[in-house]
Amino acid sequence: MEFFGLYNYWVFAVLLMIGLYTVMSKANLIKKLIGMSIFQSAVFLLYITMDKVEGGTAPILKPGVDGQIYSNPLPQVLILTAIVVGVATLALGLAIVVRISESYGTIEEDEVREIDRE
Amino acid sequence: MMPIIAQLPILQVVVPLMAAPLVILLRGRNLAWFATMAASLFAFAISMNLANRVREAGPVSYEVGSWPAPYGIELYVDAFSALLLIVVSGASSFALLIARNSLKHEVPEDRQHLFYTAWLLALSGLTGILVAGDAFNIFVFMEISSLATYILIAGGKQRQALTAVFKYLILGTIGATFYLIGVGLIYMMTGTLNLADMAARLHNVADLKPILVAGGFITVGLAIKAAIFPLHTWLPNAYTYAPHAVTAFIAACSTKVSLYVLLRFDFFVFQDNLPGHVAQFTAFLMPLAVIAIVLASLIALVENDLKRLLAFSSVAQIGYILLGASLVSVTGLTAGISHMFNHALAKGALFFAVACLAAGGARLSVTGLSGAARQMPLTMAAFVAAGLSLIGIPGTAGFVSKWYLVRACLELGPWGALLIAPVLVGSLIAVLYVWRVIESAYFASANQSDKLTEAPRWMLAVLWSVVGLNVYFGLQPTLPLELAASAADTLLFPYD
Chain A
1473 MEFFGLYNYW
1483 VFAVLLMIGL
1493 YTVMSKANLI
1503 KKLIGMSIFQ
1513 SAVFLLYITM
1523 DKVEGGTAPI
1533 LKPGVDGQIY
1543 SNPLPQVLIL
1553 TAIVVGVATL
1563 ALGLAIVVRI
1573 SESYGTIEED
1583 EVREIDRE
Chain B
264 MMPIIAQLPI
274 LQVVVPLMAA
284 PLVILLRGRN
294 LAWFATMAAS
304 LFAFAISMNL
314 ANRVREAGPV
324 SYEVGSWPAP
334 YGIELYVDAF
344 SALLLIVVSG
354 ASSFALLIAR
364 NSLKHEVPED
374 RQHLFYTAWL
384 LALSGLTGIL
394 VAGDAFNIFV
404 FMEISSLATY
414 ILIAGGKQRQ
424 ALTAVFKYLI
434 LGTIGATFYL
444 IGVGLIYMMT
454 GTLNLADMAA
464 RLHNVADLKP
474 ILVAGGFITV
484 GLAIKAAIFP
494 LHTWLPNAYT
504 YAPHAVTAFI
514 AACSTKVSLY
524 VLLRFDFFVF
534 QDNLPGHVAQ
544 FTAFLMPLAV
554 IAIVLASLIA
564 LVENDLKRLL
574 AFSSVAQIGY
584 ILLGASLVSV
594 TGLTAGISHM
604 FNHALAKGAL
614 FFAVACLAAG
624 GARLSVTGLS
634 GAARQMPLTM
644 AAFVAAGLSL
654 IGIPGTAGFV
664 SKWYLVRACL
674 ELGPWGALLI
684 APVLVGSLIA
694 VLYVWRVIES
704 AYFASANQSD
714 KLTEAPRWML
724 AVLWSVVGLN
734 VYFGLQPTLP
744 LELAASAADT
754 LLFPYD
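Quick mapping for you: the protein sequence lines, in order, are chains A and B.
So the mapping is simple: my numbering equals the position in the first sequence, first residue as 1, plus 1472.
So the mapping is simple: my numbering equals the position in the second sequence, first residue as 1, plus 263.
Keep in mind the hints are simulated off the structure, nothing from the lab.
These numbers come from a predicted model, not from an experiment.
Ideal Cβ placement from N, Cα and C applies to all residues, glycine included.
Do not take every clue at face value.
Stretch-level coverage of chain A by chain B, calculated; a stretch enters the list once three of its residues show a Cβ under 8 angstroms from a Cβ in chain B [as the list claims (entries may be wrong)]:
(1) 1518-1524
(2) 1529-1543
(3) 1548-1557
(4) 1570-1579
Start from the sequences and build out the full structure, keeping to the hints where you can.
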């Protein structure tokens, strides 16, 4: 029961490792960026999971409604910022890959390294 | 209406941040440069004022929007951050003075205003990290400065700059994400992001395991950003292929700011709350520091490319800073923190000399420099003087912090005396790799094919003024030492 009760955290850990493995093992620069994105998304999931309160709803105050349980809104706000950061990083990474492709004619890391060595 | 002086901590970040979009609108190289320079100098003036206030009256706390901490966002400037604020805004100002001439050859004229925009964003990000009093704002500013730095490095002329920056981007993002995981885990257990509040609430956390994991994530993540050996692999290429002025700027401050965050967390937040943390901290970082000093210096010794040689020397210097910090004593931390300041001076001057050499048409490799001193005597003389400061010759800034480092090692008794060995070996190797450059430039026969001219007077003036600062702070080290000692004191005993 404990195991399934925490399955969000398991998904977080698995996604994190998939992302990290992709970054390290793939030679294609676009695939590396995809791995980086998965890696970052895993952290988004960690933050979203930790603010969940059992039976909690969106934290909107309404007159006349008392005793309502709310989810913690702060991590959601934080992760909104982190998502924006992730998008910016991905965009910059893709822009660099475009320029690498323009000047080297390839986006395979080993081929780029081969060209540099010459 | 509050007096403007009370608003300085926030202005430190806001001035460059607001100047950045303004510079996009200012087309034309001179106007953009002028606005950037003005914003950077203004930031420098603010940091000097803040440092004076911290020296006189202790740490400055600022509540953003008048919301009291821990609910509102707190900006917090103590001696440690004040010293690094001077380093960051000073490095930016001097590097911009050099950039005026040296960027002409490296960045196309119609893109320069965009380049300066990225520069200002990097500056505001770095200063933001230093004034932020909570863990999440540190993350946001870290990403602002990193993203802007990637753009600056990608501005390098050679195409290898692109591959270098891609590597830096991947590793930097992984480092920042690790940091974010660590902060998330701490938030989960304490419900706060304010560093001071975090440290206080950690006392009452029953299950310390997540905090221990968080400590691991934060330390490793920031170690990537700070280029602590073996996680330094992004640094040599990034420094080598960046435009020269950018190399001088980031070499002087960006890794140090990450080290600052690392020390803040390890001492300010974790030290009193995790049992055995100090022993773990020392056992983990001291061996890395020693290996970095010896190994990176040895690599610098065989490196032919001049900028790469200096980059590996930077990895070694980070080792000195870390070695001082890992001694966990007031003298050790004073040595490490003042070395941040002194190394910024020495390495900044060396990379300025590189920019001057490039402007004079010299090839930037040890063999390519042969005979360069005859045609560029002023630049090479400055290179030698800055090199002496890097080695740590008495009378230069580099000596002061190394002297403190040796004293801190001796304080530990006979066991600590062993630690002096890597410091001395590292300095000796530094003598050798600086000598290789001197030998080639002064004593080798000149390349007949190269026609070198002395660098423009403007660049020489900037270069020599930084060399002058190296000597000045070697003879009058009160300002960095006083701030470093007070920073060491607050790091070790944060609650007195």
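Verification of the hints:
Residue count for the segment 1518-1524 of chain A with a Cβ under 8 angstroms from a Cβ of chain B: 3. That meets the three needed, and the coverage hint holds. Residue count for the segment 1529-1543 of chain A with a Cβ under 8 angstroms from a Cβ of chain B: 0. That is fewer than the three needed, and the coverage hint is violated. Counting residues of the segment 1548-1557 of chain A whose CB lies closer than 8 angstroms to any CB of chain B gives 4, so the stated coverage by that chain holds, three being the minimum. Figure legend: the segment 1570-1579 of chain A, annotated as covered by chain B; annotation consistent (4 residues with Cβ-Cβ distances under 8 angstroms, at least 3 required).
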